[in-house]
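Engineer: Modelling step: build the complete structure from the supplied sequences, incorporating the hints.
2 protein chains.
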Amino acid sequence: MLLDADTLRAQSRGCGILGAGGGGAPTIGLLAGLRALEVHGPASLVDLDDLPDDDLVLPIGMVGAPVVSIEKICNGAEGARIVRRVEAMTGRRVAALMASEIGGSNGLYPAAHAAALGIPVVDADGMGRAFPEMPQVSMEIAGISPSPCVMSDERGNVLTLDPADGQWLERLCRAVAVCFGGRAISSEYLMTVAEARTAAVRGTVSLAVRIGRAIAEASDDPVRALLDAVGGFRLIDGKVSDVERRVTGGFVRGSAQVEGLRADTGRLLRLELQNENLVALEDGLVVASVPDVISVVDTQTGGAVSTELLRYGQRVSVVAFPCDPVWRTDGGLALAGPRAFGYDFDYTPVEDLRACAA
Amino acid sequence: MLLDADTLRAQSRGCGILGAGGGGAPTIGLLAGLRALEVHGPASLVDLDDLPDDDLVLPIGMVGAPVVSIEKICNGAEGARIVRRVEAMTGRRVAALMASEIGGSNGLYPAAHAAALGIPVVDADGMGRAFPEMPQVSMEIAGISPSPCVMSDERGNVLTLDPADGQWLERLCRAVAVCFGGRAISSEYLMTVAEARTAAVRGTVSLAVRIGRAIAEASDDPVRALLDAVGGFRLIDGKVSDVERRVTGGFVRGSAQVEGLRADTGRLLRLELQNENLVALEDGLVVASVPDVISVVDTQTGGAVSTELLRYGQRVSVVAFPCDPVWRTDGGLALAGPRAFGYDFDYTPVEDLRACAA
Numbered sequence: 126m127l128l129d130a131d132t133l134r135a136q137s138r139g140c141g142i143l144g145a146g147g148g149g150a151p152t153i154g155l156l157a158g159l160r161a162l163e164v165h166g167p168a169s170l171v172d173l174d175d176l177p178d179d180d181l182v183l184p185i186g187m188v189g190a191p192v193v194s195i196e197k198i199c200n201g202a203e204g205a206r207i208v209r210r211v212e213a214m215t216g217r218r219v220a221a222l223m224a225s226e227i228g229g230s231n232g233l234y235p236a237a238h239a240a241a242l243g244i245p246v247v248d249a250d251g252m253g254r255a256f257p258e259m260p261q262v263s264m265e266i267a268g269i270s271p272s273p274c275v276m277s278d279e280r281g282n283v284l285t286l287d288p289a290d291g292q293w294l295e296r297l298c299r300a301v302a303v304c305f306g307g308r309a310i311s312s313e314y315l316m317t318v319a320e321a322r323t324a325a326v327r328g329t330v331s332l333a334v335r336i337g338r339a340i341a342e343a344s345d346d347p348v349r350a351l352l353d354a355v356g357g358f359r360l361i362d363g364k365v366s367d368v369e370r371r372v373t374g375g376f377v378r379g380s381a382q383v384e385g386l387r388a389d390t391g392r393l394l395r396l397e398l399q400n401e402n403l404v405a406l407e408d409g410l411v412v413a414s415v416p417d418v419i420s421v422v423d424t425q426t427g428g429a430v431s432t433e434l435l436r437y438g439q440r441v442s443v444v445a446f447p448c449d450p451v452w453r454t455d456g457g458l459a460l461a462g463p464r465a466f467g468y469d470f471d472y473t474p475v476e477d478l479r480a481c482a483a
Numbered sequence: 126m127l128l129d130a131d132t133l134r135a136q137s138r139g140c141g142i143l144g145a146g147g148g149g150a151p152t153i154g155l156l157a158g159l160r161a162l163e164v165h166g167p168a169s170l171v172d173l174d175d176l177p178d179d180d181l182v183l184p185i186g187m188v189g190a191p192v193v194s195i196e197k198i199c200n201g202a203e204g205a206r207i208v209r210r211v212e213a214m215t216g217r218r219v220a221a222l223m224a225s226e227i228g229g230s231n232g233l234y235p236a237a238h239a240a241a242l243g244i245p246v247v248d249a250d251g252m253g254r255a256f257p258e259m260p261q262v263s264m265e266i267a268g269i270s271p272s273p274c275v276m277s278d279e280r281g282n283v284l285t286l287d288p289a290d291g292q293w294l295e296r297l298c299r300a301v302a303v304c305f306g307g308r309a310i311s312s313e314y315l316m317t318v319a320e321a322r323t324a325a326v327r328g329t330v331s332l333a334v335r336i337g338r339a340i341a342e343a344s345d346d347p348v349r350a351l352l353d354a355v356g357g358f359r360l361i362d363g364k365v366s367d368v369e370r371r372v373t374g375g376f377v378r379g380s381a382q383v384e385g386l387r388a389d390t391g392r393l394l395r396l397e398l399q400n401e402n403l404v405a406l407e408d409g410l411v412v413a414s415v416p417d418v419i420s421v422v423d424t425q426t427g428g429a430v431s432t433e434l435l436r437y438g439q440r441v442s443v444v445a446f447p448c449d450p451v452w453r454t455d456g457g458l459a460l461a462g463p464r465a466f467g468y469d470f471d472y473t474p475v476e477d478l479r480a481c482a483a
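Top line first, the protein sequences correspond to chains A and B.
Be aware that the first sequence starts at 126, since it is given in the working numbering, and climbs by one per residue.
Be aware that the second sequence starts at 126, since it is given in the working numbering, and climbs by one per residue.
What the hints contain is simulated information worked out from the structure, not anything from laboratory work.
A quick note: this is a predicted structure, and the numbers were derived from the prediction, not measured.
It is possible that some hints are incorrect.
Some chain B residues flagged as far from chain A (calculated, every beta-carbon gap over 10 Å) [to be verified]: (1) G201; (2) A267; (3) R440.
Listed next, the stretches of chain B that the computed footprint assigns to chain A, with coverage defined by at least 3 CB atoms under 8 Å from CB atoms of chain A [unchecked claim]: (4) 276–283; (5) 287–296; (6) 301–315.
Think of the CB as a built atom: it goes at the ideal place given N, C-alpha and C, for glycine as much as any other residue.
Structural biologist: See the structure below:
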């Protein structure tokens, strides 16, 4: 499949949904992808099964606060600079790029970088969604080393990090991203195709495209079409009645409240945010939580509203759907379950929570 | 010359004086040096004229807040880790180490690392004193690139930075040092021996040893012996009557006040600090300033009192002496003159200020 303009537009809608509010507003990644397409032509999307075992796959993405990334954009040279550095360090060619996270802009940047480099994008990512912290990727669960991590910015600064572990990856990358002004382009968990086949979450680029097409092609209720595409649940229809949001330590943190309208009048849903929507609460009870995906979408269009773009008065639906099974393993929950974010409750799958509520 | 225990002890006294209050308390660097000596035997001190032109000289030092470095010490493996990384990146052997700054602990660490590696230390450094910021070295004035910068900590984290320029070197290294807990070991401005001969400040290790011996061997007035050794001036004899100090952004910042005693009764000298003593003021007038060296010493022993160890009630003498001529050039003043630290006055050499005062 070629990542042409039509495909990228569909993918960007899907990446917005999979982003769970984070990963950066997909519009910015879409613009980067469309621009690279104009200049270099489209990148191709390939399945990991169609690449040689020993080829190198490089995950790439943005690290920082999404609210910064909508104003401080890339200049387009970061991806090539990072790939060249990785190639110089390893003495090997990078055969394909992969999104570190499929959610938000981060799902789209690889297409832009790959087009410029003339290499393909693999149909996979490290999350199947977006998460706020760097080691919250399936490669960490699979035991792939985060080193070398290579970071760059629009000014030409390049850093190579060999962090002692995933936690130090997060601390160092975050500090560097803050120093760069709130966001950086970063690559880590370099692996072979053979490793990626089991370590990555597969098929997520084509999933994003399918979700995007389902929303765009819906005749009357795009939220319904979205729920069908992801096997999800509608938590509430309403309007954003409160947003508390701050950028601190390289993250967007805060909360938002959605007040029910029409059939949901009288209900209040609270969302807690750290770049992504982490937890949805109603009457003090958890109705969905990480690692499951909680997304806020425009009720009329089904388009995702990322956490940094939430505004008082928006008419939205909040949806939730199951994460990739890797996040429901012990390793997955230790890395990205509620307790990993400081919450004092255990994870219950969203479908079980809905069954109880019903 | 061998950097044996007696030499290191003398050097540490001299490094304290040349540190202008900064560079880290020399005791810690001395302990590291003595320990490496016990395990590996002494490193040798060589002149740049005695090494082949094309050999690589690696400047190395601590970056961070000196007040942190007296509690959070090295584990001894950082130097070798950095040297191995530089060698892997360049494909060339590092022939000798050099202190990034001769002042404080930083003047002594190269002896410890070099002993462990079995390579010599060159009789030179990048400042002839200590300065708070990374690009405030003579190599920056000489146009040597700060890249690659390699940083490490006691946990085994390694970073390689190719900063866009000296200012980004400072921003990135400082952010990483803060992330590491307040200090890191860092190497930058890698150069050949031929480059170092004109780009470094030469003879400063042996100068530190000479100063240290002059103080230790003084029969009655060690401060007088110190002033003779450096061609310096006694600004005041008195006691520390006020210290305001905080650790912020990877620096120690603040001010101290010395109240005159005996012949200086009734006088007040104020010191402004950023890791180092930057400016000495009396009655609102500048009596000495960067880039000249302002050091606080124990009046009885002539031993330096670094900025992080200043305490109310200490009996001290404040001395000042001329910096290396490189700092009095336009390039030197732009990098480390009063205006480079945000002061709104031009530099006047300390000997001219003393001549006016007399």
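Engineer: Now tell me, hint by hint, if it's right for this structure.
Structural biologist: Taking the hints in turn, this is what the structure says about them:
1. G201: Given that every Cβ of chain A is farther than 10 Å from that of B/G201, nearest at about 17 Å, it holds.
2. A267: Non-interface label stands for B/A267: nearest chain A Cβ at 22 Å, farther than 10 Å.
3. R440: Non-interface label stands for B/R440: nearest chain A Cβ at 41 Å, farther than 10 Å.
4. 276–283: holds (count 4)
5. 287–296: With 5 residues closer than 8 Å to chain A, the segment 287–296 of chain B meets the three-residue bar; holds.
6. 301–315: holds (count 3)
Of the numbered hints given earlier, the model fails none.
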